[in-house]
Structures are given as C-alpha cells and as structure tokens.
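Undergrad: Listed here are the chains, written in short residue letters.
Protein chains: 2
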Amino acid sequence: MVDIYAMGLIVQKYGGSSVADAEGLKRVANRIVATKRAGHQVVVVVSAMGDTTDELIDLANQVSPLPNGRELDMLLTAGERISMALLAMAIGNLGNEARSFTGSQAGVITTSAHGRARIIDVTPSRITEALNEGAIAIVAGFQGISQDTKDVTTLGRGGSDTTAVALAAALDADVCEIYTDVDGIFSADPRVVPAAKKLKTVTYDEMLELAASGAKVLHLRCVEYARRYDMPIHVRSSFSNNEGTWVVKDHPEGGTYMEQAIIAGIAHDKSEAKITVVGVPDRTGTAARIFQAIADADINIDMIVQNVSAAATGLTDISFTMPKTEGAATTAILQRIQGEIGFQSIQYDDQIGKLSLIGAGMRSHPGVTATFFACLADAGVNIEMISTSEIRISIICRASDLENGVRAAHTAFELDAAQIEAVVYGGTGR
Amino acid sequence: MVDIYAMGLIVQKYGGSSVADAEGLKRVANRIVATKRAGHQVVVVVSAMGDTTDELIDLANQVSPLPNGRELDMLLTAGERISMALLAMAIGNLGNEARSFTGSQAGVITTSAHGRARIIDVTPSRITEALNEGAIAIVAGFQGISQDTKDVTTLGRGGSDTTAVALAAALDADVCEIYTDVDGIFSADPRVVPAAKKLKTVTYDEMLELAASGAKVLHLRCVEYARRYDMPIHVRSSFSNNEGTWVVKDHPEGGTYMEQAIIAGIAHDKSEAKITVVGVPDRTGTAARIFQAIADADINIDMIVQNVSAAATGLTDISFTMPKTEGAATTAILQRIQGEIGFQSIQYDDQIGKLSLIGAGMRSHPGVTATFFACLADAGVNIEMISTSEIRISIICRASDLENGVRAAHTAFELDAAQIEAVVYGGTGR
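Taken in order, these protein sequences are the chains called A and B. Under our numbering, the first sequence is numbered contiguously, ending at residue 430. Under our numbering, the second sequence is numbered contiguously, ending at residue 860.
Any given hint could be a false lead.
Pairwise CB distance ranges, derived in the manner of DEER restraints [stated by the list, open to error]:
(1) Asn460(B) - Asn61(A): 37 to 45 Å
(2) Asn61(A) - Gly564(B): 44 to 52 Å
(3) Glu390(A) - Ala450(B): 35 to 43 Å
(4) Gly564(B) - Gly339(A): 37 to 45 Å
(5) Glu129(A) - Asn562(B): 31 to 39 Å
(6) Asp481(B) - Arg289(A): 36 to 44 Å
(7) Lys700(B) - Arg118(A): 54 to 62 Å
Because the hints were derived from the structure by calculation, they are not lab data. None of the values given here were measured: they were computed from a predicted structure. Don't be surprised by glycine CBs; every beta carbon is placed ideally from N, CA and C.
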C-alpha cells in the first residue's frame, strides 16, 4: 500500500459489507496490519457483519412485536461484538496484537435514548493504553453506554461512522478514514451521470448539504461531528488503495478548485413525497397549527411552499415535502385536525424528485440560480418547489424528470470535464 | 404451575437447548412469568441459544487457527447477550418487566484466565436494584469480568450452572433451580437401567462423586460452589412442572432414606482409557517422575495401580486411567521420557469402562464393598482396577461388561424398587 500520510494516529472505519464473512475479515485485517506496519498507530471502528443486525431484529420480532428499547440495544450490540472479536483474531493471526473494545470499554458515553442515543463524551483511556502498548485497537461501532443508567445504548443510523469520528476527535487523530464500497464522493451519482468525477475535497458544509439532499455515502451526524471538531475524514474504497475524497474545513489554498468549481456536487433524492393542504383559511396561526401537529409526531418536514392567498376566497394552499415513509402518518394527522382547521382537502403526491446543487463557491457567484433554472428549462424539467441555503439550491420536479435534470445541471456547471483538480490534499503532509 | 416453594428469591438457570429458538424462548418466558406471578423474586441465568457457541467457534477458526483467548471470550459472550436480550423481550411481551445483564453488569468478578476463569466474587448490586424495583433479572451465564484487567472472561465448562449457583449464593436466594431436559438425578442412567428411579434428594458430597464419576447432569464446579455456600439446587425439567431432585447438604431427617438406601446412585463412564507402563525400574521417584511429566501437560489422571515389584527382575508395571481425548498426548509424553526412565513399553487400552457406586450411607455400612464385588462376580464382570473414597467405590472393567455391571449393582443394592422415598424436601417449607 502506498502510504499517503505522515506518521500519526489513524482511525479507520469498516462497514458491515466489508466484513460480511471470514474472507472479508481477513482482507480488512491485511489492510489494517499494512497501515500499522507503515508506522502508524491504528484504531479501527467496525460494524456488525453483513446482515447480522437484520437477523437479530428478525429474532426480536419473533418473540415480541414491540421489543423493549433497552433490550433491543443489548441484542443488537452483540453484532459488533462478534465482528470486532473476529477481526482482532484475524489480525492476531497476521502476527500483530489487536484488542477489541465494546463501546462502553472504549468510553463512548451517550444519552439514554435507546436506539437513537447521542454521544455526550468520549473517554478512551483504554484505547490510548492499548496504543501505547503497541496494540491495534478495535472498537465496536454504533454503541455506547448511557451516562445515567450505565445501560448499553445504540446510536441509530450512521452510528458507526459517528463512533469513528468521535473517537478520532477524542484521540486527536490525524485522520478518520471511512471505508466504503465506492472510491469516494462523486460530483453526482455515477449511475445517473456516467461522466461524474470523484471529488478530491469537499468541505464539511458541502458534505452536510450533500448528505441532507440524498447523497448516501456519509451520514449527516458523522459530518456534523467532524465539523464541530475539525476532524478530516478520508472517504475511500476498501477494495483499492486509491486515494478517495477528503472531507475538510476548507478547500485547500493554491488548488485550482476555488477558481473554477462553483458547484461541488449534485445530489438527487426520490425518497420524498409532497402533500398539499388545499383551501386553508388564511388566518394567523393556521400554518403553525398544522406544522405543530406534524412535529409533535416526530415527522421531519423538508420543503414548504405557501401560495399567495386568493383575495376573493380568503383561502390558500400549503404544500410541503417529507419522507415517503411518513406519508401515511402525516395524512392521518391532517385528517384528524381537518375539522379544527377547516381546510378543504389533502392531496398526496409521491411521484416527485428533489434535485440539489451544492457548492461553497455559490457564496461568491450570484449567477448560479439563473444558470441552474435555465438549464432545467432547456431540458424540459418543470420546477414545482424551490428551497435554498447559502451553499445549496434544491428544486422539486416530477420524479420522471429527475435524472434528466441531474445530467443537464452536471453539464451546465462544467462538472463533466476534468476541471475539479484541487491539489492532492493528503499529499501535502496532512 | 403448582407452587412448591414458600415466597422467596428464586434463581433459575436455563440451558441452550431450552432457548434454542423463538418458541423455546417464549416457553421459558411463560415459566419465568408464572414463577414471578406466584409471588417470588426471580433471577434467571441463561446460556447461549442452541448451537450459537459452536457456530461462533467455527467462525473464529475460519479467521485464525489459534484464536487469542481474550478475543475468543469477547466473541463467545455475544451468544448469551443475544439469548438474554431476547428472553427479556419475550417476558416483556407477557406484560412483566425484565432487564438483562451481562456477567460484568451482574458483578461476576473472575480471574483473568480466559476460557476457564474462576469466580472470585459476585457483587450483584444491579440485580438487587432490579428486583427491588419489581423487575425480573436476566443474567448471562458463563461469563464475567476479570478483576485485574477488566476484560470479559468466560468460565469454561459448566459455566452457566456455576454462574447460577454463585449468583444464588451472593443474593442469599432460597433455591437455585437448574432446568434440564430430564426430570432430575436418577439412581442410574435410565437408558441403561430402565428401573432407575428419580432421586428426591442427593447430598453435595454424593453429587460431587456422581459428577466426577460420569453423571452428566450437573458439573463438578457448580456443585462445589453450592456445597461451599450451602445453596440448595433443585434440578428439574423445563418441559414439566414435576418436582425434580434436590441437591442439599444432608438427606432430610425423618425420611425413610437413611434407614434403607445406602447407595444414592450408580454412575458409569466410557470416556476413559487405560495406559500401562510395562517394566518400570522399581526405584524411588520413578513413578513421581512419570506423573509429574503428565501433570506438567495439564492432563488429569484418574485411577492409578502399581503392581507389586517382581523380586527377580526389580521391575514393576504401572497402570492409570485418563480421558480418551488425552490418550495421544499422554502416550507422546511417555515416549519422550522412556529413555530417561528406562521402562520397557507402553500399552494403550481404550476398551474400558468405569462403574461407580455412590452413597453417603456407605460411611456406616461396611458390607458395601463385599456386596458390590459379589454381584459383579455373579454377573461375570471382571474387576481390573479399584479406587475408593469415603462415599464411593469405583471399578474398571471391560467396556463391553459395563452396562451389565450397572444393572447387576442396581438390583443388588435394591435400587430397582421404590424404596428411595425421602420426604418431599421442598414441601417442608424450604
């Protein structure tokens, strides 16, 4: 393996598909040992093997339709316990010492919200001890111990990535490597845009917007954590030695990136649906009442549009988007409050797509919106809703138009060519 | 379920075959809830589901031919973590609160000898807390945490039974119930002696001798622990509500047992082999040298016979028995020291059987040995080796004669009839 880092402390995270069987475990063990032998201190965060978590959930459902949260966490954490012990053995078999640690042993202190605990603190004294004694530390991802009750907790979605970044921050690591089955972060989904390019760098802010807009590679929580502690993430493939994508605070100075690439990437998302509440009386507090009822059910609304009220009727329409999985629950809530609010009807539309343009360069380039909308018009994509942030523009269109829109925007912002050539961040001695 | 106990604290232990699948877990959950609803406080010790442990060992062997002991313990303890969490969920589904605890959480403090740790102390404050709050406590069997290194350990063979008895002692429980797939302890193996009777009571001493002589129901360690803390064990079937066998300090007074039954039970064992070292020079220290070499390899010798030395040659023969599984290793050790000791040859014989008569009544009945040997002679069973303790007589015979010998002794000591009628121990308000 070509060593691209200066000597230091590296945290590596491997997902369940990388350690799905004995062969995978051995392959990952080889990679870890190579990193160690290159002179680094290595901490590894590992997920449960392959489908283990799903199989355990299936068993839980066989004994109880609504498994207790504390016990479900106790059950699911067995998954990482198995993968981490096996990985430590596989490394031992290559002649290096590895010690595995549960979330509790690694000092991952969390809230007591079972199934979706938040990390409060990380006190990795046992990890530091293992590293100082020359061992490789293997840590169970996704799990911790609650501060109040000393019970085993799980972090929920994106938990293992978050564990890795949190540990890296607590250990003051030089880099947190997240291994996946793709080569890094791309300017768009390569399955939709064959000309999509692997990005050299993405800023935390861009990555947050990408993750929130449908990019699947990194989870929002993990990126938020990295941004808070300014921990560089290196997203790369566990199947090659290629450098992947660096997620960092700023694009490196002196690169060509800042001059040329206004847009870092284009994300798309077909997982949302749109609800339109038709004929809402235009009174103060009505919209608030609707969205409060939805928020009370823990349903996350994404985009909202309120039409200008028709003066003749005093009625308006309110449209919003949310995950399709919450569609039925949201509709039920609205039907319950229909009498109280006095709106006319509900329209549910799950044939929508969301297209998002993300780039820190947008801040200093006011023409982005115009270029974006023009290219969509040329491609025959009708815009139904719009939402923007400082470094993102998202639109809702027909689901059937979505991929055309992605390709049109990718070309319009000159992402197809090879111009995304920031300096090799890792080569500068990071 | 008929409640045979006065109100109190009951520790129940269920083995892997009782919780092999969702159906088994639900059946056990029902039994636990019934005990709780009868007014008892209930602590449950559970093993890993069915073949889980073997499957995990198989995975370990796939990644490493000699898995690290610490990591193997980390791996195997995932098995009980799964079964205990599922059992707690199944109980929750019946409307009772159950909380599961790892060995570490339950305060099972051990030595750091991975794979064969010994319990040093039990500090079950979390269990007590759960019980005081009205919950059922589920504890992972077979595991603990090492006092020195704070690492996860396993107790080795018989570990879950030992966990149950140790917890029962630490909690000052009224009884430790060990659930198995048989109805209790029998006067002989019912597969060999169809007239064998279930025993009402067995003393700790008798049970220790039975376990050491080949009876499989309870492990030696667990009985030793129970004897040390005088913790009554109730061995019973998880498939019925029948009272099983009580393992206690003394047979209850006032029962008919002490008058009639000299022998509590007959054990047999075909798992041993005999090695004869032929032509050993009859010098001081020679036997010691042989057995020291074998002990250094951690091989347990059972019975030993040294023939009277032949005056003409100054040579003697030494025979001993040990587990067949250690036969090859033992032979190799003897071959290595043959030159040094100067004996003539080694004979290996794995066609032997051991027949043991066990009973506390033996102490006051000197005629037992004569009756035993006479009945074996009548049955045509030739005695090859003899060993005795205060409450046990064991003989080695041909393996092919063993079962005949068991039946002959069972009849000779009048165990076939219904005379083993001690008072119902549990009915006295224990």
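Undergrad: Against this structure, judge whether each hint is valid.
TA: Against the structure, the hints:
A hinted range of 37 to 45 Å for the beta carbons of Asn460(B) and Asn61(A) is inconsistent with their spacing of about 19 Å. Taking the beta carbon of each, Asn61(A) and Gly564(B) are about 26 Å apart, not inside 44 to 52 Å as hinted. Take Glu390(A) and Ala450(B): their Cβ atoms lie about 58 Å apart, and the range 35 to 43 Å is violated. One distance hint, 37 to 45 Å for the beta-carbon pair Gly564(B) and Gly339(A), holds here, with the actual separation near 43 Å.
Separated by about 36 Å at the C-beta atoms, Glu129(A) and Asn562(B) satisfy the suggested range of 31 to 39 Å. At roughly 57 Å, the beta carbons of Asp481(B) and Arg289(A) sit outside the given window of 36 to 44 Å. Between Lys700(B) and Arg118(A), the C-beta spacing of about 59 Å keeps the proposed range 54 to 62 Å intact.
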